[in-house]
Each structure stands twice: as structure tokens, then as C-alpha cells.
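Just need the whole structure built from these sequences, with the hints factored in.
2 protein chains.
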Amino acid sequence: MPQQDLSLLTDFYQLTMMQGYFFQERFGEKSIFDLFYRSNPSGSSFSIAAGLDQVIDYINNLTFTEESIHYLDSLGVFEPAFLDYLRHFKFTGDIYAVLEGTVIFPNEPIVKVIAPICEAQLIETALLNIINHQSLIATKSARVNWAAGDDMVIEFGLRRAQGPDAGIYGARAAVIGGCSATSNVLAGKMFDIPVKGTLAHSWVMNFDSELEAFRSYANQYKASCFLLVDTYDTLKSGLPNAITVFNELQEQGTLPERYGIRLDSGDLAYLSKKARAMLDQAGHEKAIISASSDLDEYLIRDLKLQGAKISLWGVGTNLITSSDCPAFGGVYKLSAQIVGDTVIPKIKLSDNNEKLTDPGNKKVLRIYDKETGKIKADLVTLVHEHYDESHPLIIFDPISTWKTSTLKPNSYTIRELLVPIFINGTCVYESPTTFEIKAYCQTELATLWDESRRLINAQIVYVDLSEELYTLKHTMIKASRVSF
Amino acid sequence: MPQQDLSLLTDFYQLTMMQGYFFQERFGEKSIFDLFYRSNPSGSSFSIAAGLDQVIDYINNLTFTEESIHYLDSLGVFEPAFLDYLRHFKFTGDIYAVLEGTVIFPNEPIVKVIAPICEAQLIETALLNIINHQSLIATKSARVNWAAGDDMVIEFGLRRAQGPDAGIYGARAAVIGGCSATSNVLAGKMFDIPVKGTLAHSWVMNFDSELEAFRSYANQYKASCFLLVDTYDTLKSGLPNAITVFNELQEQGTLPERYGIRLDSGDLAYLSKKARAMLDQAGHEKAIISASSDLDEYLIRDLKLQGAKISLWGVGTNLITSSDCPAFGGVYKLSAQIVGDTVIPKIKLSDNNEKLTDPGNKKVLRIYDKETGKIKADLVTLVHEHYDESHPLIIFDPISTWKTSTLKPNSYTIRELLVPIFINGTCVYESPTTFEIKAYCQTELATLWDESRRLINAQIVYVDLSEELYTLKHTMIKASRVSF
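As you go down the protein sequences, you meet chains H and C in turn. Per this note's numbering, residue 1 is the first one in the first sequence, and the count goes up by one each step. Per this note's numbering, residue 1001 is the first one in the second sequence, and the count goes up by one each step.
Careful: at least some of the hints might be erroneous.
To be verified - Straight-line distance between alpha carbons at most 27 Å, and here's what the computed DSS-like set of lysine-lysine pairs gives:
hint : chain 1 : residue 1 : chain 2 : residue 2
1    : C       : Lys1304   : C       : Lys1236
2    : C       : Lys1355   : H       : Lys355
3    : H       : Lys355    : C       : Lys1274
4    : H       : Lys236    : H       : Lys189
5    : H       : Lys236    : C       : Lys1355
6    : H       : Lys355    : H       : Lys478
7    : H       : Lys478    : C       : Lys1236
8    : C       : Lys1355   : H       : Lys309
9    : C       : Lys1274   : H       : Lys478
10   : C       : Lys1286   : C       : Lys1274
11   : C       : Lys1403   : C       : Lys1370
12   : C       : Lys1355   : H       : Lys274
13   : H       : Lys286    : H       : Lys222
14   : H       : Lys355    : H       : Lys286
15   : H       : Lys273    : C       : Lys1355
16   : H       : Lys286    : H       : Lys304
17   : H       : Lys236    : H       : Lys304
18   : C       : Lys1478   : H       : Lys236
19   : C       : Lys1222   : C       : Lys1189
20   : H       : Lys309    : H       : Lys274
21   : H       : Lys355    : C       : Lys1090
22   : C       : Lys1478   : H       : Lys274
23   : H       : Lys236    : C       : Lys1473
24   : C       : Lys1090   : H       : Lys189
I should point out that these hints are in silico values taken from the structure, not numbers from a laboratory.
Encoded structure:
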């Protein structure tokens, strides 16, 4: 994140609640908050966690400058003693999180914050903002890259992103989800992502002829040459001119190892097949056909099904905004208070069933099929619960509780997903590079059954509650209801 | 924008093209680019221009730091002479733009850049990014606020925005489009927007009882008190407890002028009517009922049609992401070269008809009906064309050219929309405050006929080409086609 003061990147009610706690001298009291989400974007059966590295930066730099204090003072709502507390604010709590690039499912904590209530409350909004955004784009990217198969996908969306950060951190998330490069130079610099791109229509229009424009570009850039062929007419003008230039380069012995064309309008299936034939006939079987123009996972899948001869995809708007589902519904809910050594579980009921929360200090166990390494289910339990892989394990659906499944001893393995990131305010975790996270994400995606990767109507992966957690939750629901 | 180096907030191909022009010694040659968009978001018949103030900041601060130069050097693509040019880069061109808050329509220039080709090319991506984002959110906000009528709408979306900037600049754009306040404290500070909010579910859950939580909050904040009533059960628990606290405040003589409740789940029409009745019966006719929970313009309209007793709307996700259309399709196209004193019009053809561009150095005239002050049509003309309101004016649709309309002398008025912002690299325009822009936007919205403000299937407003521009365009199309 930019090194500016982001202490005020929060909702106003966080500050009014903080002051409330402060004057009730409850500011030392610890609370546990879970960050989780309720449904996957874009009809996916899973999501990809992303944004943790920026959360770490945010927490490490979280102090209120005098300018911010002065602004808060000017609102006439905050008392001097509270402002003085903010002046010396530092995050002192613990944060556990699922690592970036991990496959995640609804209703399981992906971040857990254990901190004095004021601190836990302040950071809610920024954590949600950062993780919601990057997890959204990483998930969309995983879908787009899945549709593209082994083809390379480049993130092209900066101009349509929702502001500079959306372009910059969106490019990072797109790489985590599987993209290989970006057009965004600043993101390239910040996250060491290869930057790609050649020329725009304006280049072609700036020359007296398309041929001259292509020739000029190709002679300038000898390492790689992709010519945009649709400024005037793809098949009648762009392709013939590109082939002329490729032939000239070949004669000069300067044809680059990687070269080809970019299609940016028209019917990409039809044009790519025609272009392939023209290139092949001219002896340019190695020329790569790349395409851009309102691509998403569905269009890429359909183009490939129709035999489009495209092997390099530039995906812009629909990826950088996750256009069919532009928000990731992460929420941040109180699950317990800690008073002294006692954990007091808390629950929110709500008029909407799906807004019920899971109480207590929890952990998330991922259960894999030992033979295939695929995910069987996730199990949310209380932290003190212990499971032994050499024992049978009975899991059940928390809504349709009669749906049970018994895993045989030694047929499964268990992995705990929440990893310590901050302990007592100190960061204890070092983020991998963006490409290391991408590589880890590929191994994560391989733990999903194919049925759960399908773009449409994918098989859901169950997130179960342990019997102890289920019993705690339903006891608390009943206890609350009788009080009305 | 943050005071960081945003010179690299651009697509890689801008830099490769710049270097190409640089070594051809064409870097002094001027070009004209138009920034325009092709269709309105969310089925609207219009959009609201926004983002210009951040474009001005970007241009004013546009220099390459040594760190950026070093990064570009590391890519192995750029020559020392070109990097040295970047080291001394400064924008020296002219920028004309439609003012923020102006009602705009597809296919008319909303920004025009006249600058040396390298400069015009570099700034393309950032201009599109900033203007696309803020115009999108301002447009969505205008729709949401239209649905809310005279009710106040507060922007609540930071946690679901696509990164920090999307939350910050999205809040600004939401105010331009009609919102009255935001929950986003940093946006409040940066743009002098009132910040609002009271308490979250976690506050209620952190107390032993809801009543105690409400009482505690109300006693802390005496100026305004909105209690969130859906943590356990809106009608059985939240409302009765809120009324108890309002009664206590009344007895103590500390009931604030502005007070009420917030509904955040359940059926808002049903609950608000029940809540209104309960509050009224308890003598709290003045208590305001506010609501949040997945609101957008359609739901607000339907709730109001069903007699929901809500007069304050907190709109989050759907506004801050423009969820039903999360990208504004602004593009930036070369329209002319200037060589010496000669303007050479340029056109892009493309395989998609709607991607044809309008050539030449243009201006945008808005034609109002003199009697009503409503917009008759916009007319895009070449800059040298002159129109006299005392003469009849014949306008025609540029697609269905047989559709003509003759405006009688003195029955219409003409206003030029593009205003000089930068001349020779110097900013000649001072942005109003965000609330001044909001006020201007309200007057702009009043120039639309009601038929064009409808949320669904709204009447389009025509953007016509002058006969001279139309003739130029079609002559150039024909001339290009014969060369294939």
C-alpha cells in the first residue's frame, strides 16, 4: 500500500464505537473477530484468498498522524482523552489467516483477529476492503486461466479498473490466480510481474500506411513483435501487411523468436482461423495469434470449443472488475470476548438465516482424501478440539444434519488452514513473492475435484462444523430466542 | 491522488510506442486524442462526468523518479537516450474537458488532449482509469439518489470497494452524483464530506444485553442517535429496546434532535412499516427509520412503491462497485495529427461498426430548448464551425440520417461543453469543492427530460454530428476502403 496514513481508511462507526469502549474502560478487553464470506463470486464453488501481504503492510504502518488527529478533532465528536489514545495507537493483537493463494470456501474464517476491542474494531474496514478486493480478482483470474487451459493469460485491465489501486492490486491478484503478466507497468515494478504490450491503434493511425507502421515498429523492437492487425480491416489489410513485415524480417534474419499478431475486434473464432491459415501458408507456422476484446472465462471457453487458433489471451475489463460479480462478500463478525482467561462465545442472530454467525474461538481443518490428495471437506472446530487421522471421522452437513459421511482411519489427512501472522502486534510471517504465491495457488487448485472447477453449476465443497461447535451454536440460538 | 510517483501507472505499450516515436524524432509532433465512451452504464440514458480533479493532480505531478527510470532500465527494452527524455518529462500540451458533474452522452468527446504524441500517449491509461471509475460511480449514484427522491442517501461501501482508492474516490463520485455523506472517514477528510455512522452488530454483542448496549451508546453520543435493531430480532427485541432507550432519553431531556433506528436485514418494507407503527405508538413520530442491506436504485424504488417508511438510505456494495455494470467503457482515440499548422484528421475503422471513430479537431455543443431549459440534443462539430441561435438549426441522426429535426430561430440555446483545463502544460482551471460539484450536478440533472431519467428503458438523448463532420467522416471511410 502507498506509504500514506491509512488510519482513517475506516468506517466512521468504528471510531465512535472505539470511543465508546474507551470511556467504558473496556479498551483492554480482548475480542475475537472472524473474517469470512457467505458465497463465492461468479457461481464458483471456491474462492482464492488474496490480499494478506497488503494487510500486513497496513497493520505495520497503522498510526494516526497529527493531521488525522486534527481532522477527527474538527468533527466535534471525539474527546481529547480518546484522541490522545489514538495518537499513541498501535496494533497489539494476534492475527491468524489463511495464506494467499489458498482455495477457500464460504462460512469458514479466513482471517481471525484476537485483539483489544478498540484495535479489532478499527482494522475491520481496511481488512475487508483489501481482502474482499484481491480475493475477488484472484478468484476471477483462476476461472479465466482455467478456461484458457495451458495458454498464457495477460492482465490488460488498468484503464477499466475502479481507480489506480484496483488496477495495481488487481494485477497482483490476477497473477496469484494464474495470469502470467500484466500491461500495468506500476504493478510490474511493485510486484516483479513481467510487463507486456506492443502497440495500439493510434500507432498504426499515426503513420501514412499500416505497412509503414508495422515495419517501423518491428525494426525498433527486435526481441518480440506482436502486430495489432484490426485498425482498418483484419483480413484484407492487417494480416497481409503483418505477413509482409514478417517476411522482410525473415529475409533480414531478424525475425524474433516470439512474434505474431493481436486480434482486438470482430469474431475471434472466425478471424483467428482465417489468420492461422494465412500465416501458415506464408510459412509463419510459429507466429502466435493473441486476442483481446471483452474476453472472460465463458467466451474463452467457447472460442476454444469452436477451434479458435488463439494461444495468448489479453483479458481486461471482465477480469479486473470481476464484471459478473464485482464484490466479494467478506464480513467481519464478533465470535467471542475474552475476559481474563475465559472465552465467552458470542453469536449474531439476524432476521436472515444466512446471517447467523458461528460462535467461539475456532480453527479451520482441511480434510484431504489421502489417496488422491483432493479435498474431502473443510471442518470448522473450536481451537481446543483434537482430531487423529488414525481414527474414523464422522462429518455432517450443518444445515441438512442427516447428511453424514464417515471417513475411515488413515484414509484422510488433516491440515490446519489458519496460520499465525501477527502475535502481540508483531508480524511473525514473511510473505512469499507474487509468483511464489501463484505457484502455491496452482498446487491448491489441484486439490479441487474437476467437478468443483466447472465454470457453471460446479459441485460445492462442504464446510462442516464439528459436533461440539454445532452444539454450542444451537444451544446459544435457543437460549437467545427464549429471552424474547 | 496520493503524492506517489504515478508515472508508471500506464500500460507498457504506451512506453514502447513513446520510444518508437522518440527515435523517429516524431516526439515533437502534436496529436489530438478524444476520450469518449460508447454506452451508458446500468441501462441509463446518460452518465455523469467525474474524476477531472484527480486528473489535474495526476498531470501536475507527472514526473519520473529515478526509481522509476531505474526500473524501466532494468527491463532491457529502453535506450539511455529515451530514458533521459523521460527523466525530464513534463506534460506540455492542452487538455479540454467537460466539467465534473456534467450530464454526458455516448460518442461525444468528454476530454480532448492536444499534445506531442509521446505525452498524449503516456497519459492515456491513467486518464481512462480515473475518469472511467469516477464517472461510473457518479452515474450510479445519480440513479440511486433519483430512486430515493428527497430522502438522504449515505455512501456505505468502503468495505466492499475494489481496493482503497475505489472506496476513497468512489465516495467522492457518489457525492457528486447526489449522496449527502459517507461512512468513509478518509474520504471525508480528503474531500470535506460529512462522515456518518453509529454502531455495528459487534457493539450490541459486546454487551450482556441489547438494552444495555443501546443505553450505553445513547448516553455516550448525545448529538444524534441511530440504533441498529436487528442483531437478535428486529421487532421482538431491537425495536422494544430502542423505544425503551428513546423514552429514557426523553425523560432525561437528552433525546437528540435527530434520532432513530437502522434496519439491516429482513424485509425492509414490512419491518419499516411495523417499526413506524411501534415508534409512533410510543410517541416517537420524529424518530427516523434508516435502512441498509443490499440496496440499489431498483430496490429503493420498489420499497418506496410499497410504502416502506424509510427516509434515510445507506447504500454500500451496489453503489461503490456499480454492481450491475462495474466498468465505464471510456476509450481514448487518435482523431488528428497536427503537422505545422495543418490538422490531419485520422479515423479508425475496425471490424466492429460501433468502434468507428470520429475524425478531426472537434467541439461539443449542447442544444437546449429555450423555453424549458431541457436538453434537445448534443451536436459534435469541428472546432471552426459556427452556429448562430438566431438561425434555424437542422440536426440529424448520424446512423438513421433520414431522421432530421429543424429547430426554429431563437427557440434554442447553445452551450459549448469542453472547457480549457491545461494550456501549454499549465493548469488554467480551478476545481470547485466536491459539494459545489454536487450542486452543479443537480442543476445538470434538471436539464434532462423525465423520460430520460427513468431507471429502465429510458429515452435516449441524441448526439448528432454536424453535416461537415459527418461528410468528413464518411469521405474518409470510403477513401480507406478503396485501398484494400
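Results for each hint:
Taking the CA atoms of lysine 1304(C) and lysine 1236(C), the gap is near 24 Å; set against the 27 Å cutoff, the hint holds. Between lysine 1355(C) and lysine 355(H) the CA atoms are separated by roughly 45 Å; this puts the pair beyond 27 Å, and the hint is violated. Distance hint between lysine 355(H) and lysine 1274(C) is fulfilled; the C-alpha atoms sit about 21 Å from each other, no more than 27 Å. Restraint check for lysine 236(H) and lysine 189(H): the C-alpha separation of about 39 Å exceeds 27 Å, so the hint is violated.
With a C-alpha separation of about 18 Å, the suggested pair lysine 236(H) and lysine 1355(C) falls inside the 27 Å cut-off, and the hint holds. Annotation: proposed proximity of lysine 355(H) to lysine 478(H) holds, straight-line Cα distance about 16 Å (limit 27 Å). For the given pair, lysine 478(H) sits about 15 Å from lysine 1236(C) by alpha-carbon distance, which is consistent with the 27 Å threshold. Between lysine 1355(C) and lysine 309(H) the CA atoms are separated by roughly 24 Å; this keeps the pair inside 27 Å, and the hint holds.
Taking the CA atoms of lysine 1274(C) and lysine 478(H), the gap is about 25 Å. The hint holds against a cut of 27 Å. With a C-alpha separation of about 15 Å, the suggested pairing of lysine 1286(C) with lysine 1274(C) holds against the 27 Å cut-off. Taking the CA atoms of lysine 1403(C) and lysine 1370(C), the gap is about 22 Å. The hint holds against a cut of 27 Å. At most 27 Å may separate the alpha-carbon atoms for a hinted pair to count; lysine 1355(C) and lysine 274(H) meet this at roughly 21 Å.
With a C-alpha separation of about 16 Å, the suggested pairing of lysine 286(H) with lysine 222(H) holds against the 27 Å cut-off. Taken as a hint, the lysine 355(H) and lysine 286(H) pair is broken in the structure, with Cα atoms around 55 Å apart against an allowance of 27 Å. Among the hinted pairs, lysine 273(H) with lysine 1355(C) is consistent with the structure: their alpha-carbon atoms are about 22 Å apart, no more than 27 Å. Between lysine 286(H) and lysine 304(H), the direct Cα distance comes to roughly 19 Å. Compliance with the 27 Å bound is thereby established for this hinted pair.
The hinted pair formed by lysine 236(H) and lysine 304(H) meets the criterion: a straight-line CA distance of about 24 Å does not exceed 27 Å. A distance of roughly 15 Å separates the Cα atoms of lysine 1478(C) and lysine 236(H); the hinted pair therefore holds under the 27 Å criterion. Pair hint lysine 1222(C) plus lysine 1189(C) holds up; C-alpha atoms about 23 Å apart against a cutoff of 27 Å. Restraint check for lysine 309(H) and lysine 274(H): satisfied, since their Cα atoms lie roughly 9 Å apart, inside the 27 Å limit.
Note on lysine 355(H) and lysine 1090(C): the hinted pairing is violated, with a Cα-Cα distance of about 53 Å set against a maximum of 27 Å. Under the criterion of a C-alpha separation no larger than 27 Å, the hint pairing lysine 1478(C) with lysine 274(H) is consistent with the structure, at around 25 Å. In summary, the hint linking lysine 236(H) to lysine 1473(C) is supported, as the alpha carbons are separated by about 21 Å, within the 27 Å threshold. For the suggested pair lysine 1090(C) and lysine 189(H), the alpha carbons sit about 21 Å apart, so the restraint of at most 27 Å is met.
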